[in-house]
Structures are given as structure tokens and as C-alpha cells.
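Top to bottom, those sequences are chains G and X. The numbering of the first sequence is my numbering, which starts it at 141 and goes up by one. The numbering of the second sequence is my numbering, which starts it at 2 and goes up by one.
One or more hints might be untrue.
[What the hints assert, rightly or not] Calculated cross-link-like contacts (lysine to any residue; reagent style SDA-like; alpha-carbon spacing at most 25 Å):
no.	chain 1	residue 1	chain 2	residue 2
1	X	K81	X	D170
2	X	K113	G	R352
3	G	K360	X	R88
4	X	K187	X	G73
5	G	K360	X	A19
6	G	K360	X	T96
7	G	K360	X	E65
8	G	K153	G	Q417
9	X	K187	X	R203
10	G	K502	X	N127
11	G	K360	G	I387
12	G	K502	X	T96
13	X	K81	G	K153
14	X	K144	G	L343
15	X	K125	G	L354
16	X	K144	G	P350
17	X	K144	G	L354
18	X	K113	X	R88
19	X	K125	X	R175
20	G	K502	X	G62
21	G	K360	X	G137
22	X	K187	X	N127
23	G	K360	X	K187
24	X	K81	G	P350
25	X	K81	G	Q417
26	X	K125	X	H69
27	X	K113	G	G359
28	G	K360	X	G62
29	X	K125	G	R352
30	G	K502	X	K187
31	G	K502	X	G109
32	X	K144	G	K153
33	X	K113	G	T281
34	G	K502	X	R203
35	X	K81	G	L354
Rather than coming from a laboratory, the hints here were simulated on the basis of the structure.
The primary structure of each chain is shown beneath.
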Amino acid sequence: MKGLLRLFAVLRKEVRQLRRDRLTFGMIVGIPLLQITLFGFAINTDVRNLSAGVADQANTQLSRILAADAEASQVVGMTRRAETAEQLETLLRRGEISVGIFIPADFGQRLAARDRPAAQLMIDGSDPLILAAARQLAGMTLRYDTAPRPAAEAPLFEIRNYYNPERRSAVYIVPGLMGVILTMTMVLFTAVAIVRERERGNLELLINTPVRNLELMVGKIIPYVIIGLIQVSLILLLGVLLFHVPIQGRMIDIYLAALAFIAANLTIGLVISTLAQTQFQAMQTTFFFFLPSILISGFMFPFDGMPRAAQYIAELLPLTHFVRLIRGIMLRGAELSELLPEIWALMAFMLVTLSIAVRRFKKRLD
Amino acid sequence: MTGDYAITARGLTRRFGALTAVDHVDLAIARATIYGFLGPNGSGKSTTIRMLCGLLTPSEGEAEVLGHRIPGEAEAIKRKIGYMTQRFSLYEDLTVRENLEFMADIYGLARKSVRRRIDQLLEKYNLADRERQWAGTLSGGQKQRLALAAVTVHEPELLFLDEPTSAVDPQSRRDFWETLFELCEKGTTILVSTHYMDEAERCHGLAILDRGRVAADGAPQELERRIDATVVEMETGDSRTARRLLTDLPGVLGVTQLGMRLRVLLDRSVSDPLAAIRAGLADRGLRFDARLTHPSLEDVFVAATQGRYLKAKA
């Protein structure tokens, strides 16, 4: 009997404390809500409407039917036009399209002869889900062409798998994983670092000194920037040595992109530190930011497969831009100058969050 | 006015929601003196100190600290003051010397003078043999000396000490106060909050705070002279019963038990206090021994917080 009474005493105390911890209470509702919505709506492995570019050198009625049929299949959505195969390659490298359809000038003859593929499908193979989706086009037949083709005949498309011809998953996972790891560690490190000072009472001393907000924040961030760069080096080293991940682009570009990304994550960590009162709350809030980052950034599931609303939200997350940057540089050999919009997005994110943090962090107690 | 006073305040008030933590406090604290805030927990000591260093914005009223207006010029006073928090707020995972170096750099001391200044502080605060020890592993008294060293590294004109001795043994407290007097002699103004009577007695000036108001202020000796009540000290075998009976007597303001002894504070209107006490305890057959005595600061504290049992300032 006494045991039961004590058990209930503990239970009641726990419920009372839980009710007062509004952040934890919010998480109880927030995490399932976020997970279900993200997984249910945003995550779609049946990828449709891949952004595609077409270079139609034949420019005949037949070639236009081919492009229209490809679009009608809903596998691709034509967003760009190009003149040559080289231009399509450039668009692929920049990440502006995932699929290129090249229709050669002799498309009509090839189609009639049926001894070799009539057109070329150029696919960004750095994401296996994109590759799998785009391959559906390979089995396509032209609408006018109702007669079944004998099996021995050449297919309609020749498929060229760019950037990951051996289709090794490590190649596509490792660069994005670098972003995931940096998000986790950088946001958490800074958030906890400042909250720890508050918890231990150091902050009450600091705010009574002439130290300025910006000095305090930047001084706290810089060591973690260096830690972040060390992590980048470690991941690159392991990726190359263990998994033979190719590094097509320049090292300097990788580090510059990582630097912008690290800075953006550290400033979001600072914002979290101004919201959280305890280290535990800082960790919870970090998790809340981390979850959508891995789910809708394009790291796990292709960006093109997500509904419009999820895409807009994803554009606000630094990881989305970093995944594009790092896959572009490492796998597709893109130069940083070809990916500038992503860099600007990270910089803008950093400036906005830093000013929020500096503004929210008061040198007063009230 | 500013020349003679380190701190002046008029009608300083701070509300937290419905609670008025500090209620129209007036202060005038002369330079190079030790001024004490005496009061129980929740009497507004810390809140007043925090307003004076610019950590909290007053809801009402204003103050002038070292010639700077509060609110408004809070940042300007930060390099001229030192603030020792109630809780140890240095870095426990830095060594004694590293903590002092950090504070010296934060206050912008010239690089080449830092080393000498820190050596000097380590010597003065008797921490020289601890300089490589982590601050978290120091004893209570050592932590307190380190905290004082850290907030005086930039030789501030004004020191705020918020209950600095609450976690410290009596010998360390004595040493600590010796150091405060040394600093004061060199021209530092010190505002210290405490709930110890013996510490309050050592201050040049004193404000007794009670529920956010200044119940009385002045020099400790002056406050003792101004007490408008009679103090009787008595010894009795059954102090608990005696205390209960005395508390109900008309004209008794307060009874404080000190071991076997009782200190009874009576209104001046009681013309013969000893007779009144005798009459009050007579029918219980309690044996006791009572005599009139000089008021102590504790009596002043009881008188001040019970009502207006202090004469006006001369």
C-alpha cells in the first residue's frame, strides 16, 4: 500500500513538472505532427516531374511528339531548352535539370531504321531515385508508333548515366551526409555552448562587463567554425579512402561551400540558444530543426518528388542548399561560380539569423 | 551632488507583474565608503543592485551611478564597476589564472600589464599557490576570493557585492572584510548586500530593506541611537513559555531568543518596562532575571521592520 502511495507521489510530481515544461509539452505534439506530415506528404519515392531539358536538333513533328510524350508520362517536366548536347551537360552539372533529352538531327532516319537508339537520355545519376525514375522513359514508345517492336530492335533511347555510372550508393550518400553531420554538430554545439553559460551563471557575470553582444557571439562561434572544417576534412578523407567517393570539383570550392554552410548552422545555433533556458531544451529545439532538414532537404528523397509547399519550406533550410552545392562540386564537378545562388542563399540565411540572435540576446536580465 | 556621491537614487522602483520588488527607494551613497543593504531574502536587495548596474530597467524612478544616468547610460558604467554575483559565476573548468586572464582581457587591460596585475592579485588574495588549479575545485572561501579578484582586476571605482559571504566560513568572512576595508581605503566605493548583522555593523552606511522599501538608513551606530524603543534582556529557565507570554503583552514589539536569553523590544509608551514584564509573567511563576540594555543592530532591524520605531534623522 505504502509502495503504491509513493509510486503515485512520483507519478503526480512528474505530470506536474511535465505540464510546466512547455517546450517538452510542445514536442509531445510537435514531433509526431512534423514527422507524419513530412513523411506522409513530402516524402515521395515515386518521383514525378523531374526537371528536364530538351535539345531538339531534328525539330520535326516526330521529335516534338517525342518531347511531348515524355512530358505526358509525367516522369519529366520540361523546364529548359538547349541547342546542343554540351549545353545539356552544362545544365546537368549546374543542377538546373536532372534529365536531358537529346534528339539528334537524324532522329527521323534512326527511328525508321530501328537499328540504333533514336535519341539520348542524359540522366543525373548522383541520386539513384532520380535515375530509377528517369529510366521509366526508356520503355516508352511513341504515340504514333502502335506496332509493337520486336525485342531484338534497338530501344528508343540510349541512356547515359552521368556522375555515378557504377550506381554506388556511397557516392551519392557521403557528400550529403557531410551536410547532415555538420547540421547536427554545429547547431547543437553553439546552442549548448551559450545555454551552458546561462545555466552555470557565467552569463550574469559577462553581461556586467563591457563585452558587446557581437563580440561575445562571434568569439563563441569561431572555434566551432574550425571544428566544422576539421569534420569536413575527416569526412572527405573517409569518403575517399573507404568508399572511393570521387571528388570531381576543386577542393577550395568544397571548403568555401562548407564554410558558408557551417556559418549558417552556427548562427541558427545562436538563435536557439536565445530561446532555450536549459541545455536539454537546446537539444530538443535542435532536434526540431534537424528533423525537417534531413527529410526534405533532398538528402534522403529527391527534391523534385516533393509537393510545392514542402519545396518552399526546404528552400529555407541551409541543408537543402548545401546538398545541392556539395553534390554539384564533388560528383558533377561543378565550379562554385556555377552554383552561386546556393551560396547567396546560405549567406542570406546566416545574416538574417545572426541579426535575430544579436537582437534577441539582451545584455539585461529583464 | 555627483562629486561626493558614488550613487544617488530617487524613487527607484521595480515591478515584476503584480509584485513590487523594489518600492520607491532613495539612496545617497558617499564615495569611498562601504554601504550595506541589510534585509531578509526577497526584500529587494538583489533587484536594487541589478538596477544600479544596469542589468534591470527600473519601472519608475532614476539613479545616478558614477555620474551616469540610469536608465539610459547603463553600458557606460560597465567598465567602471565590478559586480560580484551571489552565485559563483566564473568558469569552473578554467584555472584560477586563466579566469583572471579572461577577465583582464574582457576589461581591455593592456597586454603587458596583465601579467603583473594578475600576479599582484594572486598575491593579495592568497591564491598564488592555486593558480593552476581549476576554479571548480576550490573551496568556498577560495572561490569567493577568486571572484573578488576577478571583479577588481580592472580596479573599478565602484563594487557591487551581492551576498558575497553566504557560502563561506567565519574566518574567511573576517578575512574578506579586511580586504574590503583595504579596497575602500584606496578609494573604492563598495555596495554590499547581506543578511548578517555582524557584517552590516561593519558598514559605514546602511539601508535596512523590508519588502522593497527602505525601512531605515544611516550609520549603524546612529541607527542604534535612533531606536525609539526600550530593550530588555532577560534570562529564564523556560524561555519558550516566557516568549509566548511576552509576545502577547501590550507594548511588546518583538522577542528574540538567543539561547537561554531573550531580548524584548518594548514601545516607549511602556513607562516601566521591567515592571510590565514582571507583571506579565508573575502568575505563571516563571523565574527570571531581567535588565535594561543597549540596543543592538538586530533590535534596530526588528524595530525598523515592525513599524516606525525609529526617530527621524537628526
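Against the earlier hints, flag every one the structure doesn't satisfy and list their numbers going up. 1, 4, 5, 7, 10, 11, 12, 13, 15, 17, 18, 23, 25, 26, 28, 29, 30, 32, 33 and 34
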